[in-house]
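Asks: As a plain string of letters, each chain reads:
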Amino acid sequence: MNAYGTTTQHVFKAIFIFSLSILLQSAGTFAQTPAPPQSGPVAITGGTIHTVTQGVIPGGTVLFDDGKIIAVGQDVEIPGHTEIIEADGRHVFPGFIHGRSTIGLMEIARIRESTDLQEVGQINPNIRARVAFHPASEHLPVAAVHGVTTVVPTPRGSLIAGMPAAMMTDGWTWEQMTLREELAMVVEWPSMDDTDQYREAFGSLKQAFDKARRYKVARSAQQQGNEQHHPYDSRWEAMDPVLEGEMPVFLSVGELRQIQAAMAWAEKEKLKIVLVGNRDLGLVADQLAEKNIPVMLSGVIAGPARQWEGYDEGYKTPLLLHEAGVDFCIAGDMGAASTYRIHHHAASAVAFGLPEQQALEAITINAARILGIDDLVGSIEPGKHATLMITDGNPIELWTSKEQVFIKGRRIEMVDKHKRLYEQYHLKHQQKEKNK
Amino acid sequence: MSIFSASKNTFTHNIQIKMIRQLIFTLFLVLIFSWDIHAQTERAIGLRENTPAVFAFTNADIVTGPGRVIRGGEVIVRNGTIEAAGSGLDIPSDASVIDLDGRMVYPGFIDIMSHYGMPEPEEEEGLHYWNPQVRAHYRSAEFFRPDEEQAADLRSQGFVVVNTASCNGLFRGTGSIVSLGDGDAARMIIRQDIVQHMGFRPSEKLGKGYPASGMGAIALIRQSLLDAGWYVAAHSAFDANPALDRPETNKTLDAIAGARKSMTPFIVEVENENWFLRAAAIAGEFDLNMWIVGSGHEYRRLEAIAQTGMPVILPLAFPEAPDVTTPEKSINVSLETLRHWYLAPENPSRLADSGLMVALSSYGSEGNFLKNLQAAVERGLDKDKALAALTTIPAKMLGIDNRYGAIAEGNAASFIIADDDIFDGPSGIREVWVDGKRYVIKAEQEKPCGTWQISSGTDLDGAELDLQGASGKISLEDQGTRLTWVKANEQRVNIGFVGDSIGLEGFYNLSANLSADELLGLGKKATGDFFTWMARRTGQAGTADDRPQRPYSRLELPRRYPSMEYGLASPPEQPAHVIIRNATIWTQGPAGILENADMLIEQGQITAVGHNIAAPRRSLEIDASGMHVTPGLIDPHIHTSITGGVNETGDAITAETRITDVLHGDNVWIYRLLAGGITSATLFHGSANPIGGQNAVIKMRWGQLPDQLTIEDAAPGLKMALGENVKRLASRYPGSRQGTEQIIRDAFQAALEYNDAWSRWEKQSKGMPPRRDLQLEAILEVIKGERKAHVHAYRQDEMLMMMRLAEEFGFTVGSFEHTLEGYKIADELREHGAGAVVWTDWSSFKVEAYDGILYNARLLNEAGVLTSLHSDNTQLSTRMNWEGAKTMMTGVSETDAMNFITLHPAKIMGIDHRVGSLEAGKDADFVIWNGHPMSTFSIPEQTWVDGKKYFDRKEDRVLQTAVKKERALIINRIHEEAQ
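Residue numbers (my numbering), protein chains in the order written: chain P, 213 to 648; chain W, 31 to 1009.
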């Protein structure tokens, strides 16, 4: 905390005045309006730049134009007509990346009509999440103003659930918000509690991959001149990049036996995988490191899975992975409304021993690398998107304020439903006071 | 077929003499078996049966009662009754003599708990209580039908008499003491209606409505007992003054009142040691004569159980070993399960030594009663106590000790004949006699195992055959060969072997029938020639000791309260004086946050907070330099540590239910909450009902019994609920928020009228006495302001409705719970005076939660509403400091944020006179943090309750290792025993 120059007595800042002034300027607006594209060069100067990958630069400058970072350092030459944002005493961080969420696919959990997470059937490799990504979801601005600039709406609920995409949390349409299209294939490892049900489910999974391979053989033969015609199959067509090893499988696992079974299966199928889970991953950390299997942690804040486990068992998984040398990132729980606080999961691991830098990397550059978007986001480096935030302190501490967030150079409006209703009912209170 | 095999003695030359004797007995048996028992008043059909029934059992080791053995004695039985038992008795000349050849005779066992011969419940009509779970009027004797299969199972475990009753309902009706013979019900019933039966689990066979929870069951039992009292009073008032409104006629209440008056024992089935104590509490509340059917878990709280002084009927049912056959399976087994597997067989001895009256029972033992009995003896149960617990004690309890429970003159001829000491090993019971009637438990079986001399059969003449189960050997003139196969049962044997290595040619296949000690059979040679053969027994099979080998030493498991992971051997000590030095102390009082400050604690209370405090010598000094000390965190809304369901869904108005009735401390989450700095919490009924139940306010006194967890002087509370949850059931009123107001109003109105009725009675004391209604009493307390209403609500409209309704009835809502839209009516809340208990950021999981905002706590607090955070979730509750930090994110000061999780909930729960801040005079409930308590990077180092350290991060590491080791120790034992 000292690195951020904050004291325990002054943890909340003038940030409010800052964001409220924006709100008042756009009085009458009751939804966050997507920001316009960057219209000229912007330089954030005087703050401490936390590049994540290239160290910390006190009194540094980040210069960006046309959505991209041009220069980072202490002696950056600032061209004329550049908009200067003074950030003395402030900190600049890359935006957070949430690797697995229902955001954009679900508005209110118990209202079926407001959810688009799960398709009919167990084998849905052709499903593309981003085409159902709801740009006007109230949860997106909440995430954005808290520094979560990249989210990965993830289909779920079937063995092969479909393909998530990386989306920016501000924009007018899903097309505009797409950071990178289909990133991976989601496979949800079936429960192994009931042997018969498991055998059946595992059989379906194996069969799907087998069918996709047969389809691939037949279609390539056709392309290479075989006269036999094989009609298009949308499911098996979608699996091609997975079979080619181009697209990773995000393999979600619940407990030890599932982890073991999933790893063995992926090895046999020669797949590129990312294990998604938390429970028991610490137990097999050595194997994960040895096999170079990356891990996406589905939340850190969790109680122990078993009665005998220590109270801190869940929180220790990131530390165990780190110590074993596993490449991992942290995604929060999947909740749309809680996507905004992914940093809380990362920070909670720090309370139980994970180095702070690791926690930060787990929701920035590591997440970017595991998702395959580290050429665009995840750190403050020239050439990457100007997707970053100005804060008054350590951004993974809950009490820290995110003063301004930029997504691809666009300065986003720092207002969400929470602030909007705050303002509205604050007004009600004031009206009543005056009437007295 | 002979009666007794020679399995006890090795082969002797007089075997043939014995065989002849046994043959005579066998003929005898046929006669005995034809003797049937009918009611004396029944008309004889056909020929009368008049076979004599006089027996003399000789050469017996007679255990006449606990600690009393007659070696080589005789028992004389005449017409179902023991005429004499002793040594050197004259054998009556009319007696048939049965030589027991040194076998043991024990009094037959008596089981006080069974459902033997009881039918499934049928829908009853009649003058019964309104709730079908209350059926004290049910007389088991009227429905009892002997069931030979069940009787045989019970007899096979040594039982001759059982008390049987229905297994359904909370009040299950009377028991019947029946003999386990196979005659008519009329002859089997020994006594009836001397006990009443109860249980705490409602039976679905009787209906699925109210009660649907443990607390509902207890509430209904309590109300039924009160109603029975009223019923008697009402009828006597009516008898004295027939001009009064005639009270109802109710057989059930009549039965309950009668049983209470005559101090009839209520036999209560319980699921664990906590239910045992709950039953005892009810017995105390209503002065009931109660016997408990134990659960096998009594050892876990033996001191408290012993203090109840209640007779225990203890079923010998032990858990199977948990599956630890793979590392993946073993990882899922809790220490609690492992400990119980290991310690359960010790429970009988511990309980028997506790001073309580204990009767043993086969209830739930599924045919393993004897095996479990032997295991219990091996684990310390005194044999004489065991025998007493199966004979003299139950006989006395049931008032049949003049006829059962001992081998004595005039007693029923109901006894056990066993090969050996039945407490020692599975030597087994040979026969059980019930009222002079013989039942063979283990029939003699000829076994072909042993050595045989082949005496004819061509070239096999003189060969020696050695049969050992599924294998064997044949030898001829010093040459031997293994048999290719041996197939044998008690009647036939079939073998095959290759004869070449013993001087024969090719393959031989022989079969034979077993007749006493002779084999008579047919053989076939490789040539295809058949031949007959015979063999005589020359030796018995070696009597392999099939007693389970237990070469393992006794495991020394530490005492743990509760008996599970992280349980404590003894409660933490309370040092006389504790001084905390150099800490940043968050007083949450007028002193604010003090840097480099000290806090003095004496006998569990804070006596000074400030700078440079002098402490008595020998104070325990804690240097907290660089650390923060805050009040223990308080969560005003969780649902953990509640047994039998958190909602009583059987009705919409259930104010009579009490969480304190079903509270338990055996929950590892209490320890985990301490690890997160929580020291107090409110445990609530769920939100299914507009008026739910009465809450419990507890401290996290890990390891303590339920009644030691509660804060006695906390404000009483009643959970209520509005909005989506209460209208979710389509079949039940209310179906809308409109109806929710009406049903609450209706209940309030009824409570007022109840109040009027009692006021009139208290003034005039004449007429029909009013009936006590525990539901209306709780509601009335709310209206009178003696009990706080804590109202689950999301939307502003429903909260406004509730406030206006409360105002109409003249009280103030204690708090709204969840209060998602509280910020929309912050002024109204403040003006009414209701507290607001809120989440920080739970929203959007349902429609009524869609407008939940992060700024809720801030807006409420700024408007002057008493604002508190809560979790409603045990895991979230372990990190309430982070919830506080989330409100700081919205602009709340750190002191206010800390108030939200300490002082404010204390005020809402009515415990702020004791906890919630660190000030002189308050309880020493505090947390030592390794950093700023609102930082996400900070966690508790120590958590103290009542000046006792219940959590210490350093000690936790030791505990975690100890848990791991103890699990491994027991898992290893399971592996060893499986070998």
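To be clear, the hints were calculated from the coordinates, so they are not data collected in a lab. Computed from a prediction, not measured in an experiment: that's the story for all the values here. Please note that the accuracy of each hint is not assured.
With a straight-line Cα cutoff of 30 Å, these simulated DSSO-like cross-link-like pairs (lysine-lysine) come out [stated by the list, open to error]:
# : chain 1 : residue 1 : chain 2 : residue 2
1 : P       : 503       : W       : 359
2 : P       : 640       : W       : 876
3 : P       : 428       : P       : 484
Not everything, but these chain P residues come out facing chain W in the computed CB check (under 8 Å) [what the hints assert, rightly or not]:
# : residue
4 : 319
5 : 469
6 : 477
7 : 637
8 : 639
Quick reminder that beta carbons are idealized off the backbone N, C-alpha and C, glycines included.
Asks: Next step is simple, just say for each hint if it's right about the structure.
Replies: Here's how the hints hold up against the structure:
1. For the hint linking residue 503 of chain P to residue 359 of chain W, the alpha-carbon distance of about 25 Å falls within 30 Å, and the restraint holds.
2. Between the alpha carbons of residue 640 of chain P and residue 876 of chain W the distance comes to roughly 25 Å, so the proposed pair stays at or under 30 Å and holds.
3. Straight-line distance between C-alpha atoms of residue 428 of chain P and residue 484 of chain P comes to about 18 Å, which keeps the hinted pair within the 30 Å bound.
4. Interface restraint check: residue 319 of chain P against chain W, minimum CB-CB distance 7 Å, threshold 8 Å, status holds.
5. Checking residue 469 of chain P against chain W by beta carbon gives a least distance of about 5 Å; that is within 8 Å, so the hint holds.
6. Hint on residue 477 of chain P is violated. Least Cβ distance to chain W is approximately 16 Å, over the 8 Å limit.
7. Against a cut-off of 8 Å between C-beta atoms, the interface hint on residue 637 of chain P holds, since the closest Cβ of chain W lies about 5 Å away.
8. Look at residue 639 of chain P: its Cβ only gets to about 11 Å from chain W, farther than 8 Å, so that hint breaks.
Against the hints set out earlier in the document, violations occur for numbers 6 and 8.
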